[in-house]
Amino acid sequence: METFSLLLQGFEVALQPINLFWALVGSVLGTAIGILPGIGPALTIALLLPVTISVAPTSAFIMFAGVLYGAMYGGSTTSILINTPGEAGSMMTALEGNKMARAGRGASALATAAIGSFVAGTIATLALTFAAPAIAEIAFYFRPADYFALTVLAFTSMAVVMGTSRVRGFISLFLGLALGLIGIDQMTGQARLTFGVPGLFDGMELAVVLVSLFAVGEILYVASRYRKNSSEIIPIRGQIWMSREDWKRSWKPWLRGASLGFPIGALPGGGSEIPTMLSYTLERKLTKHPEEFGKGAIEGVAGPEAANNAAAAGILIPLLTLGLPTSATAAVLLAAFQNYGLQPGPFLFSSNPQLVWGLIASLYVGNAMLLVLNLPLVGIWVRLLSIPAPQLYGGILVFATIGIWGVANSLVDVIAMVIIGVAGYVMRVYDFPIAPVLIGLILGPMAEQQLRTALAAGQGNPIMLVSTPLSVIFLTIAALFLLAPLLLRRLRANA
Amino acid sequence: MPSNWPQSDTAGGGAAAPRPWWLGGLVIALGCVCLYGAFSLPQAARYAGVGPGLFVTLVGSGLVLLGLLLLMQIARGEKFVPQDTEDASGSDKADMTAFLTALAAAIVPVLTIEALGVPFTAMLSFTLVARAFGSRKTVIDLITGAILGSLAWLLFTQLGLQIGSFLPLAGI
Amino acid sequence: MNLKTALLPLAMFAALATGTAQAQVNLMLPANPGGGWDSTGRQAFQAMNEAGIYTGGVNFTNKGGAGGTIGLAEFQGSQSGKPDALAVFGAITVGSIILNNSPIDLSQFRPIARLTAEYLVIAVSADSPHQSLQDLVEAVKADPGANAVGGGSAGGVDHIALALLAQAADIPVADLNYIPQASGAETVTGIVNGTLAAGISGISEFQQFAEQGRIRILGITSAERKAGLDVPTFKEAGYDVDIANWRGFLGAPGMPEDNYQTWVDRFTQMNGSEPWQKVLETQGWDQFFLSGEEFGTFIKEENERIGAILKEAGLAK
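Protein chains in written order, with this note's numbering: chain A, 1 to 495; chain B, 1 to 172; chain C, 1 to 317.
Accuracy of the hints is not assured; some may be wrong.
Keeping only pairs whose Cα atoms sit at most 30 Å apart, straight-line, the calculated DSS-like set for lysine-lysine is [to be verified]:
1) B/Lys137 - B/Lys79
2) A/Lys285 - A/Lys248
3) B/Lys79 - B/Lys93
4) A/Lys295 - A/Lys285
5) B/Lys93 - A/Lys295
6) B/Lys79 - A/Lys295
7) C/Lys226 - C/Lys141
8) B/Lys137 - A/Lys285
9) A/Lys285 - A/Lys252
Bear in mind the hints are in silico, worked out from the structure with no lab data behind them.
Source: prediction; values computed, not measured.
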């Protein structure tokens with residue numbers, strides 16, 4: 001019960017008008033920057049770090065909590081409405097969410113994203129409140145072999161749900177893997193596939209590939225096939241609010257997404273990519289409406305959005321309880337703590353309970369505030385889709401370009417935007433799936449690094465890769481993913 | 001709420017070239033680029049066994065293999081059905097003028113974003129995309145693009161993002 | 001809540017809206033967030049701000065990997081000739097450039113100031129059988145492959161320090177099983193869960209985990225014991241190794257002369273300021289100041305020294 005009374009004190013802090021104001025400022029700023037593709041919460045908070053000079057720590061962290069969640073809401077909004085995910089975490093949202101929006105169900109998609117984020121954020125914050133120290137230990141438990149097995153699981157689960165043709169699905173995946181290899185090798189410092197272009201030493205920026213494939217490829221494709229004289233219109237079908245059916249189909253993915261996102265978010269390097277991907281494939285496997293997937297299934301929005309939001313809370317656990325920053329966002333927050341001369345870790349809970357519990361309470365408050373801000377805005381956001389196509393697509397290209405340029409001010413990135421955009425066009429014309437490219441790009445380097453670390457630690461003995469219970473479990477699930485359909489078919493054939 | 005999205009038909013036709021050999025060739029070529037890059041890298045390492053070059057070799061070989069498979073599929077007459085999106089159905093014939101106009105819009109930033117800044121680039125790109133989508137109100141589009149680019153520049157610069165100065169050539 | 005506190009956020013918001021637009025200092029932090037370079041860069045500007053030396057906004061960019069060469073390559077590519085573009089770098093960068101045949105040439109950058117030195121410590125898991133540095137070194141000597149040591153990127157100061165330790169203990173350096181980790185967080189978790197037999201890193205990245213009782217620090221690379229840390233030096237343990245991980249600031253290649261002088265002056269001023277002293281104290285860094293062209297000379301010498309060590313250790317051709 002002590003935790004509970006501490007949490008109540010935290011709410012007293014977070015609900016002070018001045019702190020509510022800061023939460024509002026953070027949410028608005030976070031959403032504003034989050035709608036720009038490629039600019040995520042870490043950069044946003046880093047940009048706001050100077051604020052720590054003149055604001056009390058509690059207020060600053062409450063604002064940062066608002067920024068963290070606001071940036072994610074902004075990201076999912078652009079994914080759903082204009083098929084332009086800016087961050088890896090909202091990539092999966094775009095797959096189904098944009099299809100829903102195009103089918104006139106954008107409001108339902110935005111609503112399930114907002115409410116799902118709220119639900120997942122609340123669950124994750126509750127877990128943070130009551131189980132943080134235990135969950136933090138996961139960070140120490142995971143070994144390279146476990147990470148490697150986790151990436152294998154993510155790969156195979158995606159391979160199963162890949163597009164119509166296996167060959168083309170794997171070509172997409174391998175193109176992503178090849179893109180991921182570009183740059184200086186982390187383990188030995190040797191340049192790979194850079195062909196002497198210094199702008200490539202730091203590798204392909206994920207945001208650039210993401211925005212180019214989705215937004216630029218889409219613009220080129222639609223432009224080449226757009227029927228200019230068409231006067232048919234799509235009415236906004238269904239209700240603005242989620243229907244009873246939508247609720248029924250959303251709540252389980254929310255819970256499953258939250259339970260995937262939270263623990264994986266707490267891992268060093270775990271991030272939001274793996275849980276959102278796993279959530280998407282899980283929902284695709286479990287759904288009762290498999291025919292809707294690829295055409296706008298609400299589960300495919302609800303699950304990944306919940307996972308994304310829960311992962312964001314997950315990263316705070318090792319940071320607050322151990323002082324261990326496991327992601328870029330966490331590291332920026334760590335810097336903010338240090339600016340106040342505070343060292344996050346077990347001692348902070350006893351030395352500065354007001355701050356810690358105020359921050360935790362402000363996560364609840366920030367989540368609620370974003371829900372209140374976003375739900376009424378849903379109606380306004382979907383109006384974006386009634387902008388005439390020429391101007392809408394023009395605007396999308398402008399925002400995509402600014403986002404890519406803003407990442408690093410690098411012309412190489414802008415050139416890459418054109419090339420990868422054309423690739424995105426070709427892939428659409430010849431029906432290659434887009435998502436495997438990004439999965440290869442995101443998970444390939446992680447899989448390679450963890451594999452090499454595991455093997456080096458085990459002196460090259462491949463048994464190392466199955467030496468831990470978790471790695472065996474992950475690899476077994478991965479094998480089941482691949483083999484289950486075959487086995488089922490055989491069983492049915494025998495029966 | 002009124003909206004003027006054209007309705008799509010869901011049936012996809014086979015508008016793509018029947019035998020796109022070049023696709024398989026392109027995949028094989030990309031694989032060869034990887035293999036060439038892997039050539040100069042050590043494949044093995046002392047304790048890990050896996051050196052920096054091994055993954056590059058594997059990915060390159062994979063691409064070559066997949067390219068060959070794709071060629072075989074094409075030889076067998078594999079159909080490539082363009083993906084349907086809501087505003088464009090695969091059955092429509094590709095409009096190359098529109099495609100090239102949109103491509104030009106994407107190329108514009110390469111030439112102008114550094115020297116002429118975000119708002120100017122936005123103006124040109126916006127107008128070209130609008131034109132590709134059939135808008136012929138060029139002056140209005142130019143003005144809209146300039147306003148959109150300037151507002152976006154103002155907003156994101158104020159938020160602390162570095163996207164260059166307003167009009168670098170004029171030194172603003 | 002009085003009127004003043006009510007107005008503060010409004011004022012802050014206004015200041016944010018107007019202030020950041022003109023202040024476009026770009027600071028490249030070529031390491032993953034949370035590490036030593038990251039805090040050096042952020043703390044230095046924080047101190048400058050508190051001391052009123054430079055109070056404008058700063059854009060921090062984190063770009064980790066390969067001893068800073070990835071970040072510096074990007075920095076060189078995107079910021080050359082910009083008036084107020086700075087990068088944090090250090091001893092690690094020097095070694096990585098040599099080892100990786102990186103095309104980056106440190107002499108092309110403008111040497112602004114060397115600020116700190118952090119000494120390295122070697123640590124094992126709290127439940128490791130090794131109680132002293134000698135225990136660990138003997139174990140590594142007996143079976144170098146089975147005792148993987150983690151740390152920063154290949155050829156970095158961590159790696160060099162370990163190579164020097166091995167040399168001093170007559171262990172063939174090429175036999176070491178050194179595994180570069182992407183971040184300090186991964187080194188710590190690797191030590192604790194037993195993936196790594198030991199880890200080597202800066203004090204700041206290990207100290208609090210030692211206080212939490214998760215890892216045990218066995219030795220430090222400083223010449224003398226550090227106050228407040230009951231750990232023997234490598235020399236005390238019988239290995240003649242003395243190395244520091246120094247950190248400093250570079251200006252972008254082609255930074256205009258006026259801006260360059262301004263920054264050298266600003267860092268010199270900051271070095272003597274009260275807030276910076278406080279930072280050094282809380283972060284456990286030792287002051288190691290040198291500025292301007294003298295620093296440039298130091299970088300050149302360090303380049304030769306580290307190059308020689310790497311060659312001797314068989315790490316570079």
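Hint by hint, here is what the structure shows:
1. Between B/Lys137 and B/Lys79, the direct Cα distance comes to roughly 39 Å. Violation of the 30 Å bound is thereby established for this hinted pair.
2. Of the pairs offered as hints, the one joining A/Lys285 and A/Lys248 holds, with about 17 Å between alpha carbons and a cut-off of 30 Å not exceeded.
3. Pair hint B/Lys79 plus B/Lys93 holds up; C-alpha atoms about 16 Å apart against a cutoff of 30 Å.
4. A distance of roughly 15 Å separates the Cα atoms of A/Lys295 and A/Lys285; the hinted pair therefore holds under the 30 Å criterion.
5. For the proposed pair B/Lys93 and A/Lys295, the alpha carbon gap of about 22 Å is at most 30 Å, so the pair holds.
6. Note on B/Lys79 and A/Lys295: the hinted pairing holds, with a Cα-Cα distance of about 21 Å set against a maximum of 30 Å.
7. Between C/Lys226 and C/Lys141, the direct Cα distance comes to roughly 27 Å. Compliance with the 30 Å bound is thereby established for this hinted pair.
8. Only pairs whose Cα atoms come within 30 Å are accepted, and B/Lys137 paired with A/Lys285 is rejected, the gap being roughly 48 Å.
9. Straight-line distance between C-alpha atoms of A/Lys285 and A/Lys252 comes to about 13 Å, which keeps the hinted pair within the 30 Å bound.
This entry does not satisfy hints 1 and 8, going by the numbered hints stated previously.
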